[in-house]
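Quick mapping for you: the protein sequence lines, in order, are chains Y and E. If you're matching positions, the first sequence starts at 1 in UniProt numbering and goes up one per residue. If you're matching positions, the second sequence starts at 1 in UniProt numbering and goes up one per residue.
Don't read these hints as lab results, they were simulated from the structure. Each residue gets a CB set at the ideal place from its N, CA and C atoms; glycine is no exception. Possibly wrong hints are sitting among the right ones.
To be verified - Estimated spans, in silico, between C-beta atoms of each pair:
hint : chain 1 : residue 1 : chain 2 : residue 2 : range
1    : Y       : Gly-26    : E       : Glu-161   : 15 to 25 angstroms
2    : Y       : Ser-9     : E       : Gly-248   : 18 to 28 angstroms
3    : Y       : Met-47    : E       : Leu-119   : 27 to 37 angstroms
4    : Y       : Arg-164   : E       : Thr-213   : 29 to 39 angstroms
5    : Y       : Ala-72    : E       : Gly-248   : 47 to 57 angstroms
6    : E       : Phe-168   : Y       : Ala-68    : 29 to 39 angstroms
7    : E       : Gly-154   : Y       : Ser-9     : 31 to 41 angstroms
8    : E       : Arg-192   : Y       : Leu-22    : 23 to 33 angstroms
9    : Y       : Gly-38    : E       : Gln-210   : 29 to 39 angstroms
10   : E       : Val-151   : Y       : Gly-26    : 11 to 21 angstroms
11   : Y       : Ser-9     : E       : Tyr-20    : 48 to 58 angstroms
12   : E       : Thr-112   : Y       : Gly-102   : 36 to 46 angstroms
To be verified - One side only, chain Y facing chain E, incomplete, derived with CB under 10 angstroms:
hint : residue
13   : Phe-23
14   : Leu-90
15   : Leu-143
16   : Ile-191
17   : Leu-206
18   : Asp-209
19   : Leu-243
Spelled out from the first residue to the last, the chains are:
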Amino acid sequence: MHGRSRPKSFYVLGAFFILFVLFLYGPMSTIFILSFQGPEGGLTFPMRGVSLNWFRNLTEKQMVGDFAGSFARSFALGVIVMLCTVAISLAGGLAFRHRFRGSGVIFYLAIASLIVPSILVSLGIGLQFRIIGWDTTWYGSGLGAHLTWTLPFGLLIMFAIFNRFNKSYEEAARDLGASPWQVIQHVVIPIILPSLIGIALFGLTLSYDEFARTLMTAGTDNTLPLEIYAMTTNVTTPVLYALGSVTSAFSFVIIVLALGAVTFVRWRRARHGSDAGRGV
Amino acid sequence: MEPGRAGSLRGHLPMQAKSYIPYLQVAPLAFVFGAFLVIPILTIVVVSFWDYDFARIIPDFVLTNYRELLGSPVTLRTYLNTLRYAAIVWVATLAIGFTVAYFLAFHVRSDTWQTACFLICTVPFLTSNIIRMISWIPFLGRNGLLNSALVGAGIVDHPLEFLLFSDFAVVLAFVHLYTLFMIVPIFNSMMRIDRSLIEAAYDGGANGLQVLTNVIIPLCKPGIAIGSIFVVTLVMGDFVTVRFMSGGQSASVGLMMANAISLLQYPAAAANAVILLIVVLLMVGAMMRIVDIRKEL
Numbered sequence: 001m002h003g004r005s006r007p008k009s010f011y012v013l014g015a016f017f018i019l020f021v022l023f024l025y026g027p028m029s030t031i032f033i034l035s036f037q038g039p040e041g042g043l044t045f046p047m048r049g050v051s052l053n054w055f056r057n058l059t060e061k062q063m064v065g066d067f068a069g070s071f072a073r074s075f076a077l078g079v080i081v082m083l084c085t086v087a088i089s090l091a092g093g094l095a096f097r098h099r100f101r102g103s104g105v106i107f108y109l110a111i112a113s114l115i116v117p118s119i120l121v122s123l124g125i126g127l128q129f130r131i132i133g134w135d136t137t138w139y140g141s142g143l144g145a146h147l148t149w150t151l152p153f154g155l156l157i158m159f160a161i162f163n164r165f166n167k168s169y170e171e172a173a174r175d176l177g178a179s180p181w182q183v184i185q186h187v188v189i190p191i192i193l194p195s196l197i198g199i200a201l202f203g204l205t206l207s208y209d210e211f212a213r214t215l216m217t218a219g220t221d222n223t224l225p226l227e228i229y230a231m232t233t234n235v236t237t238p239v240l241y242a243l244g245s246v247t248s249a250f251s252f253v254i255i256v257l258a259l260g261a262v263t264f265v266r267w268r269r270a271r272h273g274s275d276a277g278r279g280v
Numbered sequence: 001m002e003p004g005r006a007g008s009l010r011g012h013l014p015m016q017a018k019s020y021i022p023y024l025q026v027a028p029l030a031f032v033f034g035a036f037l038v039i040p041i042l043t044i045v046v047v048s049f050w051d052y053d054f055a056r057i058i059p060d061f062v063l064t065n066y067r068e069l070l071g072s073p074v075t076l077r078t079y080l081n082t083l084r085y086a087a088i089v090w091v092a093t094l095a096i097g098f099t100v101a102y103f104l105a106f107h108v109r110s111d112t113w114q115t116a117c118f119l120i121c122t123v124p125f126l127t128s129n130i131i132r133m134i135s136w137i138p139f140l141g142r143n144g145l146l147n148s149a150l151v152g153a154g155i156v157d158h159p160l161e162f163l164l165f166s167d168f169a170v171v172l173a174f175v176h177l178y179t180l181f182m183i184v185p186i187f188n189s190m191m192r193i194d195r196s197l198i199e200a201a202y203d204g205g206a207n208g209l210q211v212l213t214n215v216i217i218p219l220c221k222p223g224i225a226i227g228s229i230f231v232v233t234l235v236m237g238d239f240v241t242v243r244f245m246s247g248g249q250s251a252s253v254g255l256m257m258a259n260a261i262s263l264l265q266y267p268a269a270a271a272n273a274v275i276l277l278i279v280v281l282l283m284v285g286a287m288m289r290i291v292d293i294r295k296e297l
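Just chain Y, with the same shape it has in the complex (with noise of 0.2 angstroms):
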């Protein structure tokens, strides 16, 4: 493949790609351009006037529901299930390295839970909270729920690291007396920080868009796509677009913030060399 011309078909593909990415981002690009819409705009084209008309709707509560506190909620979900996936993935992952009893069960539990449809894990816990008798609430059964999505997620990515994983950093360390822990501490997760970072990215947004897990194991309160999915069936203004786009942008300021670290631990390293091993 090296050093010969591109050929046709690199165009043809290429263009091909291309316009896979327009029919990715062409349909959200005009609900963001319709959010803008004028006070007297419909759900569809054309624009009659641009105007923060519907932006300053979103802040008022009787339009549109409970905007602020099931998008509150729905953050401090996103965050609790995100440490929460970065910790059990990387003690599973850990745990994986060795050979146990029970890995092979617990290697398909995580397969089936991906698989496994969501509406039946929620329909499931709801059930068996209502027979015990325990009340749902999101940051109960509804955090079980969505740390059955991203468990899975955060486990696979901690196999494909840990497969990749030079163990003889590791002997090192531990030839230089270093306890088991210091060896987690100071040389395996600088090591794997910034595949970390891409679990932590992944439980967070997975729980922040969550809806069919979500969707019995809430209890009273709304997250925010719940409150979506309400406003689908009621709403018909482009107060709908306008959430759509602050949530969207929500996301993508997440996932600079998330590649921005990632970007930022690797120029540390090359400008520094590893830390791992310092013990600092």
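Assemble chain E onto chain Y, guided by the hints.
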């Protein structure tokens, strides 16, 4: 440090003396899957045999939920419709996903560009599915962009009605939402292919098509299988996309369950859930025969 100590540390401590450590490490994971996956599914199975009236679920052992479900022609039709969606979406996402992954893996040469293109594909996936569905309305609607363009260009003389709130819209939204799940695993498989195999095939006189069908596709099978499992299970369980994009005109198994849930007919929904789970597991089992997922990690 005395030489003996390092040896004993390496030889014994991580593997034998602390053999309980992996169990501690995996305990939180096991707890979450046990409490929020295994027990809920067992609950569904149990409740599917319970009785219910308009407001309560009543512990019992009855087969009425299954009898009503399996005896109704609506069930069969709904399952067939859902399978039809799954089949169409699978073909479309596979074709698009394979092509995009192929382009990224074999034609984009620099690592930076590869990462950048990959991120471009991934970013929309990280925003809400519902928002991404809503975004089709101004595009496909009766007075939407596409219809305006078609009418304006004189291709059709009145707006096409089938674009929004139709099976077409449902499939389009599925493809929009889930193609990424096909791209990632196939791309992953392609990146593992030893490039010298491809060189060797060319040197042996194979043409581009032969390399594709005899080298690349066979070596991508695991990625294709994993992507297919994702897409098929997501489509089989979906209810939001079908409700939203069909405008309530089409049915799917997930939607049937969601409707039963909203009517508080939990045992009926549970029976349907059990059947759906069996169907999904059979499909996944068939796909797993093609590939040992555990080997792929």
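Hints, one by one, checked against the model:
1. Taking 15 to 25 angstroms as the suggested C-beta distance range, the pair Y/Gly-26 and E/Glu-161 conforms, at roughly 21 angstroms.
2. Y/Ser-9 and E/Gly-248 have their C-beta atoms about 43 angstroms apart, which leaves the hinted 18 to 28 angstroms range violated.
3. One distance hint, 27 to 37 angstroms for the beta-carbon pair Y/Met-47 and E/Leu-119, holds here, with the actual separation near 30 angstroms.
4. The hint said 29 to 39 angstroms for the Cβ distance between Y/Arg-164 and E/Thr-213, and at roughly 30 angstroms that hint holds.
5. Remark: the range hint 47 to 57 angstroms for Y/Ala-72 to E/Gly-248 is contradicted by a beta-carbon distance near 32 angstroms.
6. The given range of 29 to 39 angstroms is respected by E/Phe-168 and Y/Ala-68, whose C-beta atoms sit roughly 37 angstroms from each other.
7. Distance hint check: the CB atoms of E/Gly-154 and Y/Ser-9 are about 34 angstroms apart, consistent with the given range 31 to 41 angstroms.
8. The hinted window of 23 to 33 angstroms between E/Arg-192 and Y/Leu-22 holds, with their beta carbons roughly 30 angstroms apart.
9. Our hint of 29 to 39 angstroms for Y/Gly-38 and E/Gln-210 is violated, since their Cβ atoms are close to 59 angstroms apart.
10. For the hinted restraint 11 to 21 angstroms between E/Val-151 and Y/Gly-26, the CB-CB distance of approximately 19 angstroms keeps it satisfied.
11. At about 56 angstroms, the CB distance of Y/Ser-9 to E/Tyr-20 agrees with the hint of 48 to 58 angstroms.
12. The supplied range of 36 to 46 angstroms is met by E/Thr-112 and Y/Gly-102, whose beta-carbon atoms lie about 42 angstroms from each other.
13. Annotation: Y/Phe-23 was flagged as interfacial toward chain E, and the flag holds, the nearest CB pair being 7 angstroms apart, inside 10 angstroms.
14. Hint status for Y/Leu-90 relative to chain E: holds, with the closest Cβ pair at about 9 angstroms, below 10 angstroms.
15. The interface hint given for Y/Leu-143 is met, as the beta carbon of that residue sits about 9 angstroms from the closest beta carbon of chain E, less than 10 angstroms.
16. Violation of the interface hint for Y/Ile-191 is found here, the shortest Cβ-Cβ separation to chain E being roughly 17 angstroms, above the 10 angstroms cut-off.
17. Because the smallest distance between the Cβ of Y/Leu-206 and any Cβ of chain E comes to about 8 angstroms, under 10 angstroms, the interface hint for this residue holds.
18. Look at Y/Asp-209: its Cβ gets to within about 4 angstroms of chain E, closer than 10 angstroms, so that hint holds up.
19. Restraint check, Y/Leu-243 versus chain E: the minimum CB separation of about 8 angstroms is within 10 angstroms; hint holds.
Consistency note: the structure conflicts with the earlier hints numbered 2, 5, 9, 16.
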